[in-house]
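Engineer: Residue numbers (our numbering), protein chains in the order written: chain A, 1 to 279; chain B, 1001 to 1262.
Everything labelled a hint here was simulated from the structure, so no lab data went into it.
A few of these clues could be false.
Covered by chain B, according to a simulated footprint, are these stretches of chain A (three or more residues, beta-carbon under 8 Å) [stated by the list, open to error]:
(1) 6-16
(2) 49-63
(3) 166-176
(4) 259-272
Being a predicted model, the structure only gives us computed values, none of them experimental.
No residue lacks a Cβ here, since even glycine has one placed at the ideal position from N, Cα and C.
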Amino acid sequence: MYSAEISRKNPGCFIFLLDQSASMEDPFGGSSERRKADELATIINKLIHNLSIRCAKGDSIYDYFHVAVIGYGQDTVVKSAFDGPLTGKDLIPISELANNPLRIEDRVKKQDDGNGGLVEQSVKFPLWFEAKHAGGTPMSSAFKMGAEMVQRWVAEHPKGFPPIVINITDGEATDGDPVPEAKALCSLGSDDGATLVFNIHLSSAAGNPIELPASDEGLPDKFAKQLFEMSSSLTPFMIGRAKELGMPAGDGARGFVFNAQPVQVIQFLDIGTRPANLR
Amino acid sequence: MIDALHPNGAAPFSVEAFSCQKAGNARTEYEDAWAIRGSDSPTRCRVAVADGATESSFSALWAALLVESFVRGRVHGPDFFGRLGAIRRLWRRKIRGRPLPWYAAEKARRGAYAAFVGASLNAVNRGWRAVAIGDCCLLHVTGNRELAKAFPLSHSEEFGSSPFLVGSMTKSDDDPLPHVRVSEGVLEPDDVLFFASDALSAWLLRRAEKGEPAWEAIGPEGIRTREDFEALVAQARDEGTRNDDMTLVRLMRRADREKGAS
């Protein structure tokens, strides 16, 4: 299980669910300046950025993954969260996503000069998503829409690596209990295993980030515990990879983080030799 | 794909190379590299195999530059990895100026990576000295088809998907020297040295650990043609070996020269 090769011929599938409800306007992690919606936009842009670079090869990009991004909250509806040229699209190859950001900013990045110092270098930094916050939180409906996409995907890729659904939210669903919907989604899968659901919980509460816990002990509130319950256990490969990346994943670790930017989750799938010293 | 050398009768060593790209990929996407120099030299022969990492860009170029530089040079110890400056500059020069989309430029900025094993053989005393980083292996097999040494990894469970590899960029926290492994041995009559990329090495070691035929399968009695090698690769993949580029270089002492010398 969870051993199917991910390649251009047998691509993997990421479905992101973004909470864009009004409550996401609240402060993030006890901050007075940063809102949860800002944190969410930063995380999803970094995830897409890292995934694109991971799939880049030479002067092109390989479609190792197909990606959908579902927003829930704006006008209390659930729909594709893509804007600009991708508006209305659901699952698209990573190349289409990488080549169609909303905009590309020029940023200055400090880079190792090889002699123990840093040099400033201009880099292109694409953005696909802006911070959004309006309406209710139809998280259960988002999981339903995700399940429909998963069903279509596994019908077309019955032997492929099962889809991974990553939900980023503050946890306060307004359309009923999302746990049964998440469990229903996890019951779908390919011959290679059940769909994996990960949750990234962005809270207004201050507190230390929590990454990949094996139990809900120590989680700060009922929303965190609920999202933990909705999260899949990591596969043994993922636990190994998380450890290599310096994340505290033990036996039974689940795909759940609290107030953290787990951009390394993009590295949890194997697409070939990854140098240990490539950071 | 098979690539074979046909050394003349005076050559002390017979060296052959076989290679095969990942299933489903084009031949141009093959990212391993091998190089041989001096198989017909009366004094010295050098062989190297490198495996460019899937998860880095322009790694086939980097692997090729590493093996070419090694076999054309004279350094055979860890010093090879202390003098990567010229090879790194050449790698950067070859990709500089390309109009790359943002993701390709960012990936290239992070550098290319490769596993490497290289050996220098003394044609007079038949001694070999090898240097390696990562999981490409040298396998020294005796005339009675027993494994005398596997270097730098010796057991199949040591192979993972994230080895430390040689990078094409100079980074202060990425010094290859602490990761260099060295080894040496002497090639007795009928011994064979194999150089193999990681997936093939792991499969061969796994078979040997289970008591299944391994070394006969890649010896001259097992592989003569490109088709033989492709059949072996297909068997390895059928047995669950990761779909990867596969490379094998086989080096033997030449029997006719042994007889002539005696």
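Engineer: Hint by hint, note whether the structure agrees.
Structural biologist: Hint check:
no.	hint	in the structure
1	6-16	holds (count 3)
2	49-63	holds (count 10)
3	166-176	violated (count 0)
4	259-272	holds (count 3)
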